[in-house]
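> Work out the full structure, taking the sequences as your base and the hints as a guide.
Protein sequences appear in the order of chains D and Z. At position 195 of the first sequence the residue is numbered 195 (our numbering), and the sequence of numbers has no breaks. At position 164 of the second sequence the residue is numbered 164 (our numbering), and the sequence of numbers has no breaks.
Please keep in mind that the hints were generated in silico from the structure rather than gathered at the bench. Among the hints, erroneous ones may be present.
To be verified - Taking lysine to aspartate or glutamate and the EDC-like style, the derived pairs with C-alpha atoms no more than 20 angstroms apart in a straight line are:
| hint | chain 1 | residue 1 | chain 2 | residue 2 |
| --- | --- | --- | --- | --- |
| 1 | Z | K139 | D | E146 |
| 2 | Z | K139 | D | E39 |
| 3 | D | K60 | Z | E81 |
Note that this is a predicted model, so its numbers are computed, not measured.
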Amino acid sequence: MLSYTTYDPLTEYVLRCADNNLILGHRISEWCGHGPVLEQDIALTNMALDLLGQSRMYLKYAAELIGHNETEDSLAFLRDAMQFRNSLLVEQPNGDFAHTIIRSLIFDSFHYFFTEQLMQSNDKRLADIATKSLKEITYHRKFSSEWTIRLGDGTEESNKRMQTAIDDLWRYKGELLSPDELDMEMLEKGIGVDLNKIEPLVDNHLSDMLNRATLQIPQAEFMQKGGKQGLHSEHLGYILAELQFMQRAYPGLNW
Amino acid sequence: MVTTTDKKIKHPEIWEILEKVKDPEIPVISVVDLGIIRAVVKENGKVIITITPTYSGCPAMSVIRLEVTTALLDEGYQNIEIVTVLHPAWTTKWMSEKGKKALREYGIAPPLDDQADEIELFGEMPAIQCPHCGSMNTKMTNKFGSTPCKSLHQCQDCLEPFDYFKCH
Ligand SMILES: [Zn+2]
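Pasting the structure below:
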C-alpha cells in the first residue's frame with residue numbers, strides 16, 4: 001500500500017484529528033464577513049474558532065510527541081500538503097451556503113460520535129481533549145442539522161441546492177468511517193475509535209436529518225479516499241498557500 | 001469536589017491578587033469568579049497557578065495568562081509559572097454566585113444553574129430572564145454571540161437585546 005507516513009502511529013493519529021479541525025476551521029473562517037446574514041456570519045466564525053482551538057490542542061500534543069523543535073505553529077505552518085492528514089471532505093470548497101452546511105452536517109455527525117468515543121481512549125491526553133471538545137461539537141451538530149432541515153424543507157430553490165450539495169459531497173463520507181491499518185492499530189491499543197461501531201450511529205443521524213429535510217440520500221456511490229494518508233485533492237494546496245503565507249514569506253514572524 | 005472556598009484556605013494572599021484580574025472580554029468578572037483558576041501552589045519560592053480554558057478557541061486565554069503573570073509581578077512575585085490543564089473540563093457550574101450577580105448587573109444574563117439549555121438535539125431553549133427589566137418574556141435570536149461563551153437574545157417587553165452566558 002502506498003504510504004506517506006512520516007511519524008510514529010500515535011502521532012499520525014493525533015495529526016488526523018488536528019488536521020480535520022484545522023482545515024475545516026480554516027474553510028469555515030473564509031465565511032467571515034461573507035455570511036448570508038450577520039447572525040450566521042457570527043455563528044460560522046464562532047464554529048471556526050472552536051475548531052481552531054481544538055486543532056491547537058491536538059497539534060500541541062503531536063508536537064510534544066515528535067519532540068525536537070516541533071511546535072503547534074511549525075506543524076500548522078510548515079508542513080506541505082502531503083504531510084497533512086485531514087480527510088478529503090473538510091478541504092472541499094465552501095461553494096454556496098448549501099455546500100457549506102452539508103459539508104458540516106456530514107463532518108459534525110462523524111465528529112460528534114468520534115469524539116464521544118475518543119473520550120474513552122486509554123491515552124489520557126486524547127481523552128481529555130475529546131472531553132473538552134464535545135460540548136462545542138454538540139453545538140456545531142445542532143447548527144448544521146437545523147439548517148439542513150430548514151433549507152432542505154424550504155423553498156424549491158433551497159431544496160434543489162441542498163440536494164446538489166449532498167450529491168456532490170456524499171462521496172467524501174466513506175473515508176471518515178472506513179478504518180485503515182492505522183485506525184485498526186490504534187483501536188487494538190485501546191487508543192483509537194472503533195469506526196465500525198460509530199458508522200451506524202452516524203448514518204442514522206444523517207438519514208434522520210435528511211429525511212426530515214425531504215432530501216434524498218445518494219445510493220451506492222463510489223467513495224473517495226486518501227486524505228488520511230496524505231493524498232489530497234488540489235484544493236488543499238490553495239488552502240495552505242493562504243494559511244501558511246505569512247510564515248513562509250517571513251519565517252519566524254511574531255506578533 | 002473541592003470548592004473554591006476550600007482551595008482558598010491556602011495562599012489567600014495570592015487568591016486576593018487573582019480576584020483583581022478580570023476576564024478581558026467581560027471586565028466585571030474576575031478569573032476566580034469565572035472558575036478557571038484550578039489551583040494555587042507555592043513551591044521553593046515559585047508560584048504555580050493552574051488555569052483551565054473556557055472554550056477551546058477562546059482568544060482571551062493568552063491575555064488572561066499574561067494578566068495573571070503581570071498582576072503577580074506587580075505584587076513582587078518574580079518566580080511565576082502558569083500551567084494550563086484540560087482536565088477536568090471547565091463548566092459554568094464553577095462560576096461563583098458573586099460572578100453571576102456581576103454579570104447580571106453588567107447586562108449579561110448569567111448561565112442557568114441546572115444546565116437547562118444543555119442542548120438536546122432539538123430541545124427548546126428555556127426562557128432566559130432579561131437582565132435589564134427582569135422580564136421572562138424573551139426570545140433567543142442567535143445561538144452564537146459576540147464571543148464563544150454567549151448567545152444572543154431579545155427581551156419582548158423592554159425590547160432590549162442582550163447576551164446570555166451559555167451553560168457549558
Ligand atoms: Zn427586558
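> All hints, please: hold or fail.
The hints, checked one at a time:
no. : hint              : in the structure
1   : Z/K139 <-> D/E146 : 17 angstroms, holds
2   : Z/K139 <-> D/E39  : 14 angstroms, holds
3   : D/K60 <-> Z/E81   : 18 angstroms, holds
The earlier numbered hints are all upheld by this structure, with none contradicted.
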